[in-house]
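**Student:** Residue numbers (numbering that gives the first Met the number 0), protein chains in the order written: chain A, 0 to 372; chain B, 0 to 372.
These are computed hints drawn from the structure, not numbers from a lab. Be aware that one or more of the hints could be misleading.
Because identical chains share one entry, a pair is satisfied inside a single copy or across any pair of copies.
No more than 20 Å apart at the CA atoms, straight line, and that leaves these computed lysine to aspartate or glutamate pairs for EDC-like [claimed, not checked]: (1) 340 to 38; (2) 135 to 86; (3) 238 to 59; (4) 135 to 289; (5) 238 to 38.
This is what each chain is made of:
Protein chains: 2
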Amino acid sequence: MDMISDLNTSSRFLLGPGPSMVPPRVLRAMASPLVGHLDPEFLQLMQEEQTLLRLVFQTDNELTLALPGTGTSGMEAALCNFIEPGDAVLVASMGFFGERLAEIAGRYGAQVERLERPWGETFDPAEIEAALKARKYKLLALVHAETSTGALQTGIPEIASAAHAQGALVVLDTVTSLGGLPVEIDHWDVDVAYSAAQKSLSCPPGLAPITVSERARQALRQRKTPVANWYLDLNGLEKYWEAPHAYHHTAPISLHYALREGLRIVEEEGLEPRFARHRAFAEMLWEGLENLDLPLLIPLAQRLPTLSTPQIPPSIDDAAVRRRLLDEYNIEIAAGFGPLKGKIWRIGLMGHSSRREHVRLLLGALEDILASA
Amino acid sequence: MDMISDLNTSSRFLLGPGPSMVPPRVLRAMASPLVGHLDPEFLQLMQEEQTLLRLVFQTDNELTLALPGTGTSGMEAALCNFIEPGDAVLVASMGFFGERLAEIAGRYGAQVERLERPWGETFDPAEIEAALKARKYKLLALVHAETSTGALQTGIPEIASAAHAQGALVVLDTVTSLGGLPVEIDHWDVDVAYSAAQKSLSCPPGLAPITVSERARQALRQRKTPVANWYLDLNGLEKYWEAPHAYHHTAPISLHYALREGLRIVEEEGLEPRFARHRAFAEMLWEGLENLDLPLLIPLAQRLPTLSTPQIPPSIDDAAVRRRLLDEYNIEIAAGFGPLKGKIWRIGLMGHSSRREHVRLLLGALEDILASA
Chain A
0 MDMISDLNTS SRFLLGPGPS MVPPRVLRAM ASPLVGHLDP EFLQLMQEEQ
50 TLLRLVFQTD NELTLALPGT GTSGMEAALC NFIEPGDAVL VASMGFFGER
100 LAEIAGRYGA QVERLERPWG ETFDPAEIEA ALKARKYKLL ALVHAETSTG
150 ALQTGIPEIA SAAHAQGALV VLDTVTSLGG LPVEIDHWDV DVAYSAAQKS
200 LSCPPGLAPI TVSERARQAL RQRKTPVANW YLDLNGLEKY WEAPHAYHHT
250 APISLHYALR EGLRIVEEEG LEPRFARHRA FAEMLWEGLE NLDLPLLIPL
300 AQRLPTLSTP QIPPSIDDAA VRRRLLDEYN IEIAAGFGPL KGKIWRIGLM
350 GHSSRREHVR LLLGALEDIL ASA
Chain B
0 MDMISDLNTS SRFLLGPGPS MVPPRVLRAM ASPLVGHLDP EFLQLMQEEQ
50 TLLRLVFQTD NELTLALPGT GTSGMEAALC NFIEPGDAVL VASMGFFGER
100 LAEIAGRYGA QVERLERPWG ETFDPAEIEA ALKARKYKLL ALVHAETSTG
150 ALQTGIPEIA SAAHAQGALV VLDTVTSLGG LPVEIDHWDV DVAYSAAQKS
200 LSCPPGLAPI TVSERARQAL RQRKTPVANW YLDLNGLEKY WEAPHAYHHT
250 APISLHYALR EGLRIVEEEG LEPRFARHRA FAEMLWEGLE NLDLPLLIPL
300 AQRLPTLSTP QIPPSIDDAA VRRRLLDEYN IEIAAGFGPL KGKIWRIGLM
350 GHSSRREHVR LLLGALEDIL ASA
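Just need the whole structure built from these sequences, with the hints factored in.
**Tutor:** Given below as structure tokens:
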């Protein structure tokens, strides 16, 4: 067999939609020798992680933990635990991850109703409220920060209130918002929210934070059928995270070391200063992009500070520019896809990646490349 | 909120059923700065990981990869991709993980037939062959190395041959065998085998190696219904691992760095020397345990070299001894559970944990504690 060499990867500036750059403190924590997944010391770390997760989710929800999978496992857990075959589910979709919500809900036998906005737009909350009045749903699922477009759905409290008035649970995807802009689970009265470690929390991918309201736990207890997914069954997961700490799976110890350290960094910085930092460097990026004649797809009021999506003029070769950014400057940004393929770039400034020097470097590199294209 | 301190865990000797101790090289590789999950350099690493996984599974199966979850996600993937509602599934269970196979198969709507041996025993292959002749099954699932008892199921080639003669696929749990004793997927003609990174491969938990035969891929392609699990759907996973490398989930980059390095260590040591090492230190442990009047539960011919299960005399306080091992010697071993609760300990010598000094230390510590109990 061919010789497989020492790990020798390039030093990338990760300015795409995630993973973001991981702070050295987090990498160091992750490299600590392992203790067992039932070691009293590890159970203590899990509790601390829960405390820190409640802080970033701005919630008192007891059932708040990190699932042993990536963000998509969070999405699947948020759906499969609350859907039984035949349940009516409303998905408000404004991009790729809204479509994935609908797709996954369908796998669990839900009767899925899709409410759609074109990629790049967002919903007027009144539109979702009207749909909720038209039919009784078990659950409403929507995306707070759409990673495929860079759009932020506002009006979550009004939408949640309308859903609850009809008896529906609210599932919110906060993958690209948690830790980078306000996510106020209790204040907004969201029932289930999930995220991913590798975005604005700046940890390595492989864990999905999730928080579940008392209302949703009640619904879980009232199921008539077992959860149709063993690995992501919150009944088993909560018995591991809470007393009696019964074995469910072997937790990804090292990733929990990392997430706990990443959350400590969030807590030290403080949520408000952290959100302000993400906002300030996003604004610096936006101004620079406009100056390069790369206007932003999303109007200011719905624009994510964590993920910016400049439009690519037809004269520019999308793939060639990204390739040169990677090969010549070690900068990763991402392509658009679906209906936005070739039309936008996706530039993430999340967590440790949200820094002045990264914005300046990227703008300088783009300037060089566009001038010589 | 209470101050949450720097990560400051104890230096444990991990001699339980996993996680095993992670070599410094693997920890170091894991702490490397991240590249993106679609970076050409990462796609290259994934290919190398596949090559190394084929080596330890002793297979040429093209569809060989590491799932983004722990060993249980491997078990669930091995079942959910091949089961459709109403399918007849035979589970040969000789312990906790056999029972979990049956439980998970049931979640996917299988008509599950359980063939059972008491915990600690194994099957005569003829018994499974007879059951396969009695009814037509879509799939036979069984455990090669039962982590709850320390028993090794022998006769896998005969069992697989009998299953194929009846048209059934063979799913084999190799969680506690892969990398520590022979697992010969192609020679044995097993269709689906899965494992976990944190056992005899000595990597951090969070990835589940899996390999799938051409026969099983054919069955996957012939499904009438979508796989009832999105995250573990091999159709989506193979499109990410193979060209066109389409986005499915954000791979746990750091864990892949670790697994690739751990597999390189396996390749450098060589499979046969590695198996011999596991055997030699297991024998050293067994002799020492017998000398301490802690006879092994499993007869020699079915005994796992990776996980030993001494019986605890009634005079000994199971929990107190384990607590003293942990508190006074920083040694983790595990309790028995289910029908073996309080009756056995589970001592793992896997991967980097399988070393002379660990055996000597554990035997010495046990001797001290039992003398002063």
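**Student:** Compare the structure with each hint and give your call.
**Tutor:** Hint-by-hint comparison with the structure:
In this assembly of identical chains, residue 340 and residue 38 lie within 20 Å of each other by CA distance solely across copies; the values are 18 Å between and 48 Å within a copy. Taking the shortest Cα distances, residue 135 and residue 86 sit within 20 Å of each other inside one copy (10 Å), while across copies they are farther apart (34 Å). Proximity of residue 238 and residue 59 under a CA criterion of 20 Å is satisfied intra-copy only: 19 Å inside one chain copy versus 40 Å between copies. In this assembly of identical chains, residue 135 and residue 289 lie within 20 Å of each other by CA distance neither inside one copy nor across copies; the values are 45 Å within and 66 Å between.
In the homo-oligomer, the alpha carbons of residue 238 and residue 38 lie at most 20 Å apart inside one protomer (15 Å), although the nearest pairing across protomers, at 38 Å, exceeds that limit.
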